[in-house]
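Following full-length UniProt numbering, the numbering of the sequence shown begins with 1 at its first residue and continues without gaps.
Treat each hint with caution, since some may be false.
[Said to hold, decoys possible] Straight-line Cα separation of at most 25 Å, SDA-like style, residue types lysine to any residue; simulated pairs:
#1 LYS38 <-> GLN77
#2 LYS38 <-> PRO67
#3 LYS38 <-> GLN62
#4 LYS38 <-> LEU28
#5 LYS98 <-> VAL86
#6 LYS38 <-> SER48
#7 LYS73 <-> ILE49
#8 LYS38 <-> ARG87
#9 LYS73 <-> ALA93
#10 LYS38 <-> ARG60
Hints listed in this document are in silico derivations from the structure and should not be mistaken for laboratory results.
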Amino acid sequence: MASTKEYGAEADDQTASTFSLTEEDHTLGNALRYVLNKDPRVSFVGYSIPHPSEERVNLRLQTTGLPARDVLKDGLQDMMALNDHVRVTFEKAVDDYKTLQGMREMSVGASGSGGATVVSIQPPEIWLILVVKDHWHCVQ
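Build the full structure now, drawing on both the sequences and the hints.
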């Protein structure tokens, strides 16, 4: 199970801390760095992985006034909301694709001619595939 430890936060200045996230790698580190960097309360954020064989991310966070721990928590909640949005978008894209596939196979009879018209809709050409912790997500 992943855990988080906080280093470097002093009682009088909680605006700068280093967090050690175990059992994590660049997948979470870079995504979290990106989300936190968009937050106007963050003056610096960066991460490193001490050694390629270690499953640990050291995240350094400095804020403009709020405790770094609170800003990190908000960033993680923003990432969860983003993940939920991607999941919903993915599920909608799959449903839309299945609907299009069903329309492609549908035949419409032409009265009197005995022929059939096949409705053909081109499938999506470009898909974005995200792989996060052994779960894949595909978005058009």
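Outcome of the hint check:
1. LYS38 <-> GLN77: holds, 14 Å
2. LYS38 <-> PRO67: Roughly 17 Å separates the two Cα atoms, so the pair holds.
3. LYS38 <-> GLN62: This hinted pair holds, its Cα atoms lying about 13 Å apart.
4. LYS38 <-> LEU28: The hint holds at about 16 Å.
5. LYS98 <-> VAL86: holds, 18 Å
6. LYS38 <-> SER48: With a Cα-Cα distance of about 19 Å, the restraint between LYS38 and SER48 holds, given a limit of 25 Å.
7. LYS73 <-> ILE49: Holds, at roughly 20 Å.
8. LYS38 <-> ARG87: With a Cα-Cα distance of about 22 Å, the restraint between LYS38 and ARG87 holds, given a limit of 25 Å.
9. LYS73 <-> ALA93: violated, 30 Å
10. LYS38 <-> ARG60: holds, 15 Å
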